[in-house]
Amino acid sequence: MAEEKIVLTLNEEVEEEKKVEMPEIPQNSYSEEDILTEEQKKQVDEFVKQIDLTQSNVVLQYGSAAQRKIANFSDNTLQSVKTKDLGETGEMLSDLIVELKGFDAIETEQKGIAAFFKKQSNKASALKSKYDAAEKNVDRIVHSLEDHQIQLMKDIELLDQLYEKNMTNFKELTMYILAGKKKLKEVRENELPVLIEKAQRSGLAEDSQKANDLAGLCERFEKKIYDLELTRNVALQMGPQIRLVQNNDTLMTEKIQSTIVNTILLWKSQMVIALGLHHSQQAIKAQQAVDEMTNSLLRKNADTLKQATIEVARESEKGIVDIETLKHTNSQLISTLDEVVKIQDEGRQKRQEAEMELARIEAELKNKLLEIHK
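Residue numbers for the sequence shown follow our numbering, so the first one is 383 and each next one is one higher.
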């Protein structure tokens, strides 16, 4: 893009701003003329000839048009920065991450075959509904992010234009400063000494006043040039400031692009895989539940069969009458016989004793009767 031609003027009016392409300001130490083209250097030399420091109005208005451009430019730049809200974009990115993390395609299953089949009957539709709800929120956030991305890209282009215009204003101020310094040096080295010498020779108050007026105008003009240098320093600082804002916009644009292209794509791919594998997972889990129940039944049946078989075998090996029972019966029978014999012996002994006692009693009775009859 061709560089905008800068027109130096002693007029206070500010020309309409135009978009121009300018090189960056050198950051190292440099001569003020180094940033000017040969044509612009010639323009400065020509402009020096137009400056008349004997005119108070020229000193007052010198460079004011360029200063006013800087002021207007600063207002426009500030307004463009204030209208952007990167915080809102950051909040949307945070909301998006929360939404993505909040969706989990894998849920903890209830244990047991009955609970499994009861829950699995509705899980597929529930998972799909959950995914649809999450996808709706994600798409809404993505749409807002895309709108912000478009606005950020426009802002980046606008900041490029602002940066270029700031460089033009910087160069224009430099040209005014250079022209002013050259004119000031020329007047102080040539015109002012002539007036001073004339005043000294003539001794007239009029000549002395002219020399004093010109010296005062030089002082005012020097202060005006210094004021322009301060304004130029503001323009110098605005260059990197604009680039910093532009860099932030660029980083946020790239972040949005990466999120939309990579993060969302991976999330949707994951969900498609999860939904695609859902039925396979159902079959695997159902088979596992059936296998677990089958194994459990087999173990229980084996335990029951073992117990019944042992009991049957044990009972089949027993006799009709248990030997212990016979031993007990025989022991009781022998004891009974012993008791009977003992009782019989005791009865026999008691009868013998009774017979002996009966014989004694009878003999005693007989003896008594014989004593009576004597």
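No lab work stands behind these hints: they were computed from the structure.
Small disclaimer: the values here were computed from a predicted structure and weren't measured.
Treat the hints loosely; a few may be bogus.
[Stated by the list, open to error] Derived SDA-like pairs (lysine to any residue); straight-line CA-CA distance at most 20 Å:
1. Lys748 - Met738
2. Lys567 - Asp529
3. Lys637 - Asp529
4. Lys564 - Met738
5. Lys563 - Lys518
6. Lys518 - Thr691
7. Lys564 - Lys748
8. Lys688 - Glu706
9. Lys580 - Leu599
10. Lys592 - Tyr608
11. Lys605 - Ile743
12. Lys580 - Asn594
13. Lys518 - Leu647
14. Lys564 - Glu601
15. Lys567 - Ile532
16. Lys431 - Arg570
17. Lys637 - Met738
Against the structure, the hints:
no. : hint            : in the structure
1   : Lys748 - Met738 : 15 Å, holds
2   : Lys567 - Asp529 : 57 Å, violated
3   : Lys637 - Asp529 : 14 Å, holds
4   : Lys564 - Met738 : 183 Å, violated
5   : Lys563 - Lys518 : 67 Å, violated
6   : Lys518 - Thr691 : 65 Å, violated
7   : Lys564 - Lys748 : 196 Å, violated
8   : Lys688 - Glu706 : 27 Å, violated
9   : Lys580 - Leu599 : 18 Å, holds
10  : Lys592 - Tyr608 : 24 Å, violated
11  : Lys605 - Ile743 : 180 Å, violated
12  : Lys580 - Asn594 : 12 Å, holds
13  : Lys518 - Leu647 : 14 Å, holds
14  : Lys564 - Glu601 : 14 Å, holds
15  : Lys567 - Ile532 : 53 Å, violated
16  : Lys431 - Arg570 : 15 Å, holds
17  : Lys637 - Met738 : 138 Å, violated
The structure fails hints 2, 4, 5, 6, 7, 8, 10, 11, 15, 17 (numbered hints given earlier, in ascending order).
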